[in-house]
Amino acid sequence: MAEVNIENQVEEKTLGQRIVRTILQNSVTILFLIVCIGGIYASKLPVFFIANELLTRVTRNTFLVLALIIPVMAGMGLNFSIVVGAMAGQMAIVAVTNWGIGGLPGTFLAFAISAPIALLFGKGTGILLNKTKGQEMIASMIVGYFSNGLYQLLFLFMVGPIIPIAVKGMVLSHGVGLRNTIDLAKNGDGAPGIKYALDTATIFGLETKVPFFYVLLIGALIGAIVFAYRIVKSQKLHLQASEKNKNMINLIISVLLIICSVIVMFAPEMLSKQMQMLARLKLPLLTASLVLLLAGFNLIIVKTKLGQDFRAVGQSKHIAQVSGIKVNKTRELAIMLSTMFAGWGQIIFLQNLGILNTYGSHVQIALFAIAAILIGGASVSKATVGQAFLGVILFHTLFIVSPMAGKNLFGDAQIGEFFRAFVAYGVIGVSLGLHAWKKLMMSKA
Amino acid sequence: MGETFNNVVKKMGIPRLIISTFFVIVWILVFVKDLPAASLFSDSVRRFGMNGILVLAMVPAIHCGIGPNFALPIGIICGILGGLISIQAGVGGLGGFLLAIAIALPISVIVGWLYGIMLNKIKGSEMLVATYTGFAFVSLMSIAWIKLPFTHPEMRWPIGEGLRVTIALESTFGYILDKFLKIEIGTLRIPTGMLLFFAFMCFVMWVFSRTKAGIAMKASGDNPKFALASGINVDNYRILGTIISTSLGAIGYIVYAQSYGFIQLYQAPLMMAFPAVAAILIGGATAKTAKISHVVIGAFLFNGLLTISLPVASSFFSGGNISEVFRMIVQNGIILYALTQVGGGE
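Top to bottom, those sequences are chains A and B. The first sequence begins at 668 in this note's numbering and counts up by one. The second sequence begins at 88 in this note's numbering and counts up by one.
The reader is advised that the hints may include incorrect statements.
Looking from chain B toward chain A, a few residues come up when the C-beta cut is under 10 Å (computed) [what the hints assert, rightly or not]: (1) ALA223; (2) ALA374; (3) LYS375; (4) THR376.
Below, simulated PhoX-like cross-link-like pairs (lysine-lysine); rule was C-alpha separation at most 25 Å, straight line [to be verified]: (5) B/LYS312 - A/LYS1111; (6) B/LYS375 - A/LYS1106; (7) A/LYS1049 - A/LYS790; (8) B/LYS312 - A/LYS1106; (9) B/LYS210 - A/LYS800; (10) B/LYS266 - A/LYS800; (11) A/LYS1049 - A/LYS798; (12) A/LYS984 - B/LYS210; (13) A/LYS711 - A/LYS984; (14) B/LYS312 - A/LYS1074; (15) B/LYS210 - A/LYS798.
Stretch-level coverage of chain B by chain A, calculated; a stretch enters the list once three of its residues show a Cβ under 8 Å from a Cβ in chain A [as the list claims (entries may be wrong)]: (16) 203-210; (17) 226-234; (18) 250-258; (19) 419-428.
These are computed hints drawn from the structure, not numbers from a lab. Beta carbons are placed, not taken as given, at the ideal position from N, Cα and C, and that holds for glycine.
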């Protein structure tokens, strides 16, 4: 209902009013864009360093952020309990490291082990969230804290007496409990672990870590062809003006990307010394494809019966129930999928990091993932793949530059660190607050 | 027999029954394992007094309808500010303690008022927004602790910038309530002054809830529509409840700090709301109803359990802090249970 109203209003307004409206609707994202640009400038960090760091962080974190989208679709808000999925992922990592299976086989075995565990955890969380309808987000957050207690019970007190661990180096010196950090670079017998297994994989003798701008060039070329084809086709059909504009903008962006990549790769003499380094940026193609697969999954599922069920439940539980959808089952399934993806996301994240912080790696991931997607412009009731990517880029830019920016501006790197914690918490508080406020206003109107 | 048993279960609620059973078992184990019962009892009484007022701060919040105050760190930080200004002023002893409260109160009234206005705009999502507002406020104040111009040597790092992570209160108002009329029999120590102060605060809250304003506040929490119809300004009473809760958080922290002997800055207040929320829920409160008796019972059971379970657990398991793990499970388990009792309605 409400969305229809908004669209009608947009049609009536002039271009100027529409621009103002767009800016207001995306105020969080625009604000962050400004903060990020200011931060990059203030940090005085070299462009290559920021770009390289950002590329690493985008490939390793986006999978986790994409895991948030399905529950939002199903009207359950932002799933703070992806922490539980991350725990399943870490359990799988502990298992494969213990068995001494490293490299790609180890990583994919970890994926396989974490899936059923995460689905089970997700089922439990889903049942619980069905009992706390209307308060799903706070409940999922407390679920995260609660299961962290169980997780510690498992790994601090049951490993040793109940769960046998063969590798000595993983267990605390008194024989009970896992160590705080587990090195994923090497397994117990000295063979390589799962560190960088995806990032630097070689498949059929081909390295999958390739120059970023080549990938960008090819991607942008394909994009340009697709959008150009759509524009040609849309001139025959009578599509809405907004649809045509969208294709046009996408085509322009693709062309710009092509030009940039060509310059970086083939005409570096046009750039300054610093910018020339960008040609050395490398993209882990395998990891990136996994991220794209999940992005694709999120896009395609909307077109399936299941996706339509998610959306129907998200829009109105009551109407969904009346039209024969099993509301509770659908909601449980949404959380189960999200939890499973979170488990895989955590494995992707940790294979890049190379160290499992047994009792800490999972604690903050919900906070960072949710802050990122909100910065990208998502809300409690709507989140898209694009917002996830944009959000990760903006949030992690801020992450990279804030300590140095804090140091340069205030003479203390700690200020930058507290600032980014403030930003993460603040953006969640403000976004959720604004959403609740809008909902209240709408129910009054 | 079966019926009376069911009645008891119904009256106490399953979680409270489980916690009470645990409490009894842990105490039995103290005697079985021959642990120093008197000093353990003294510790749990002290912890009970330390945390009591922070738990009490939940009562006005639940009464006025905003639910358990997950933004307790906001009140706590007002208390910290009061304490720091009092140390800076150089007033020691009881004067310093009273000055800290006198400074913290107006700050927390203003902050609580602003925060209450905000909460009125987001009815229905108070708990989650409150949590993150609290978190954000703690991080923002962490920046402030680096930059605020306090100069007292107890507070500043000897070299470098900013305030210390923990500030000792030994030379100022540390243990000031604990020492008042202190009872000491062998290893049994009862901080009478602190318990009296807690009892006094409970009494004030109890009297308030029986005044006209207190009843109106409860009505606006119980049934906002009905309250509105009978001419009560629900929004104003929600703000009043938030202000009282924030102020109690501030006073509660100052009492906590004097008994603890330190003020902790930076990330320390971040998670302090959760134990307080859990305690009142264990005492028998729900997200909608709370009584002073819930505060006393809950604070005693929860803090007693946490204090005693550490030595008992470590007499069984070597290494690792199992009581901390236990705390996480109990604390968050009880909050989850309370949440399932609120929602569920379709």
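Inset, instruction - Quick one: which hint numbers does this structure break? Sort them smallest to largest. - result: 3, 4, 10, 13, 14, 18
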